[in-house]
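Assemble chain V onto chain H, guided by the hints.
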Amino acid sequence: MKKSISMLLMLALIVGSFAGCGQAEQTAPAAQADAAAETAPSEETAAGARTEETTQAEENDRAEEAAQAASSASETTDNAEVVEIKTGVLSYLNQSEEDYASGETPKSAAIAYLVSNGYVNNAAEKPEGNDGKPLIKITYYDTLDSMVMALQSGDEKMIQLPESTADYLCANNDDLVKNLSLSEKSADGFGKALINRLSSAYSFMMTEDHADLCEEFNSAIKDMAQDKTLDNLTQKYIYDVINGGEIETIEFEKNDGDTIRVAVTGCLPPLDYVAADGTFAGFNTAFLAELGKRLHKNIELVQVDSIGRAAALASGAVDVVFWARSYTGPIAGMSQEEFEQFRKKQRAGFTDEEIALMDSLHGNKQFSENARRDIPEGMICTIPYFTDFTTVVTLKE
Amino acid sequence: MTLADKLYKILIQGGSWKTILTGLKTTILISVAALILGTLLGAFVCLLHTRKNPILRGIASVYIAVLRGTPVLMLLLLLYYVVLARTGIGPLTVAVFAFAMNVSAHVAELLRSSLDAADKGQNDAARTLGFSAWDAFRLVTLPQVLHIAKPVYQSTIVNLIQWTSVVGYVTITDLTRVINNTAARTMQPFLTISIGMLLYLSLSYLVYGIFALTDRKKEVRSNEFD
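As they're listed, the protein sequences go chains H and V. Taking my numbering as reference, the numbering of the first sequence is continuous, increasing by one, and the terminal residue is 397. Taking my numbering as reference, the numbering of the second sequence is continuous, increasing by one, and the terminal residue is 623.
Wrong hints could be hidden among the right ones.
With a straight-line cut-off of 25 Å between C-alpha atoms, the simulated SDA-like cross-links for lysine to any residue are [as the list claims (entries may be wrong)]:
no. : chain 1 : residue 1 : chain 2 : residue 2
1   : V       : K403      : H       : D277
2   : V       : K403      : H       : Q152
3   : V       : K547      : V       : F534
4   : V       : K403      : H       : D240
5   : H       : K86       : V       : F587
6   : V       : K422      : H       : V302
7   : V       : K403      : H       : C170
8   : H       : K297      : H       : I383
9   : V       : K403      : H       : I247
10  : H       : K222      : H       : G257
11  : H       : K396      : V       : T399
12  : V       : K403      : H       : Y239
13  : H       : K178      : V       : M398
14  : H       : K178      : V       : L400
15  : V       : K422      : H       : D277
16  : V       : K415      : H       : E248
17  : H       : K254      : V       : G485
18  : V       : K403      : H       : T249
19  : V       : K415      : H       : I250
20  : H       : K297      : V       : R483
21  : H       : K297      : V       : A482
22  : H       : K137      : V       : F587
23  : V       : K415      : H       : G278
24  : H       : K396      : V       : L400
25  : H       : K185      : H       : T234
26  : V       : K403      : H       : I242
27  : V       : K403      : H       : V177
28  : V       : K422      : H       : T279
29  : H       : K254      : V       : L489
30  : V       : K415      : H       : Q303
31  : H       : K178      : V       : K403
32  : H       : K254      : H       : E300
33  : V       : K403      : H       : D175
34  : V       : K415      : H       : G245
35  : H       : K396      : V       : S591
36  : H       : K228      : H       : E216
37  : H       : K396      : V       : F587
38  : H       : K86       : H       : N121
Keep in mind the hints are simulated off the structure, nothing from the lab. These figures come from a predicted structure and were not determined experimentally.
So that you can see chain H by itself, here it is in the shape it has in the complex:
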């Protein structure tokens, strides 16, 4: 009896202390940036001025820059309290601290534009203090569940997620709410281009030795986009699943082709997760099954933790991993030439102001730098097969 009571007590203690564990505490330098969700359009000019400040700074004196930014914040706000908005970010969505430091301010300007023009609906209210310009404090998480726990326990004020995952999360948790959502209007010209730019592009990454395989993947992805297979798969495995549709077991065709081992994390529903019966499920899996059929290859899925993926790929334990390209957006996988064409065509109808806003998102970097920005050395990526708008999830008030 004594034993069982002490056991229960112990368990209660451990469960209680759960909130704080499991998170990779690599806090970003308190990047002077706005909460993506909570910027008002009237602050655009101030945000623009700060871009210069952050992009000028070298990486090695980022600490100094953070200190400067912090002091400039306190100057502008006088006696107002400095509000820190704690934000959780998934480490495997490849948004580095550097990108945050230089990218968050123009990003929030862009989101403010989208909200004020009705492309994006924002459910969040403006935060108080600092003239409504809070400091974002980023914590990286290696797994989705630890990040969700941190949000639910109040450790994080908000978490950033791809919209499909955010929808799935909110559909399964009554106490969570998605702040930014795309409106009906988002389908038109500039809004669409800007939204694309703020989306994560999903592609496959492999070592440079697999250049041939990468080409095969690319042409298959293009075919699937053309004959609407991609659209059907997206509808069936993402939107239907979010709305509580039936989940089918995904069958992989066995054939006499080469075997390709692909790493999945099982940690990003509805794109990539493991079904109740232990089989791999989700859009990525369904997409790979179709890809295997088209390329006449045996696809073998292996579950590797997101942190272990680099080791798995480099050692040859797996041939291919999923790779989210959060910075590159729609230009992922384009050549310089394609990019110029894309840019020319896309910008024909934009005003100067819109083009300036778009340009600020690319930072001061050249195309060649941007194109490889979220790919590790010695690796290559396919063209993206799916893009998803990055949104923000918070606790319901």
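Okay, now just chain V, sitting in the frame of chain H:
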């Protein structure tokens, strides 16, 4: 969503419990295999350590020092992704091997300290009474060593079970992995992980229970001799 709904979703819906049991089975399999192999290997290393030959002793000392002083996860990653990367040996085998090595170092150290603690005079007495060296060890020293080693061995086993929770890094779907998968799928991490902890806790108590059982048996037997 009520608690019952959440529990149904986590444990039952779509045959989820079967998947969780499969993960539990993998954890037990790795633990038991690593324990048996590690104990044998540990006894052998301890044997080397008690030799008079300085080279053999040195090898055993270094082996124990390195393996006890490094995290088993590092060893596992090193073995799977570097040393045995291109050999085609399955991850389960590599994991059993890595954990066996780690346990063997602990067992070797445990046996060595227990040997030191055992009364040497009794062994000498047995030898003067005409017992062979092996018989003296088997009948006089070994029972004492086992008695001294038992409580620490028990916690080594419980530790081993907990350490195996990192095998997810080398593509094995064990209990921790299944729990993480379930947490991601159901998006109920708090509840799911609590359930996972309960499962690990019951495994640990199972080990304690088994040891308690052997204690009781021995008491009964010693009573018979009275």
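Hints, one by one, checked against the model:
1. V:K403 x H:D277: 17 Å, holds
2. V:K403 x H:Q152: 16 Å, holds
3. V:K547 x V:F534: 17 Å, holds
4. V:K403 x H:D240: 21 Å, holds
5. H:K86 x V:F587: 20 Å, holds
6. V:K422 x H:V302: 19 Å, holds
7. V:K403 x H:C170: 14 Å, holds
8. H:K297 x H:I383: 19 Å, holds
9. V:K403 x H:I247: 18 Å, holds
10. H:K222 x H:G257: 21 Å, holds
11. H:K396 x V:T399: With a Cα-Cα distance of about 17 Å, the restraint between H:K396 and V:T399 holds, given a limit of 25 Å.
12. V:K403 x H:Y239: 22 Å, holds
13. H:K178 x V:M398: 18 Å, holds
14. H:K178 x V:L400: 23 Å, holds
15. V:K422 x H:D277: 15 Å, holds
16. V:K415 x H:E248: Between V:K415 and H:E248 the Cα gap is close to 18 Å, so the pair holds against 25 Å.
17. H:K254 x V:G485: 21 Å, holds
18. V:K403 x H:T249: Holds: V:K403 and H:T249 sit about 22 Å apart, inside 25 Å.
19. V:K415 x H:I250: Answer holds: V:K415 to H:I250 is near 18 Å, not above 25 Å.
20. H:K297 x V:R483: 21 Å, holds
21. H:K297 x V:A482: The hint holds at about 23 Å.
22. H:K137 x V:F587: With Cα atoms ~24 Å apart, H:K137 and V:F587 stay inside 25 Å; holds.
23. V:K415 x H:G278: 8 Å, holds
24. H:K396 x V:L400: Satisfied, since the Cα-Cα distance of roughly 19 Å is no more than 25 Å.
25. H:K185 x H:T234: 20 Å, holds
26. V:K403 x H:I242: It holds: about 17 Å lies between the C-alpha atoms, which stays within 25 Å.
27. V:K403 x H:V177: Since the Cα atoms of V:K403 and H:V177 sit roughly 19 Å apart, the hinted pair holds (cutoff 25 Å).
28. V:K422 x H:T279: The hint holds at about 17 Å.
29. H:K254 x V:L489: 24 Å, holds
30. V:K415 x H:Q303: 18 Å, holds
31. H:K178 x V:K403: 21 Å, holds
32. H:K254 x H:E300: Between H:K254 and H:E300 the Cα gap is close to 10 Å, so the pair holds against 25 Å.
33. V:K403 x H:D175: 14 Å, holds
34. V:K415 x H:G245: The hint holds at about 22 Å.
35. H:K396 x V:S591: 24 Å, holds
36. H:K228 x H:E216: The given pair, whose Cα atoms are some 18 Å apart, holds under the 25 Å limit.
37. H:K396 x V:F587: 17 Å, holds
38. H:K86 x H:N121: 22 Å, holds
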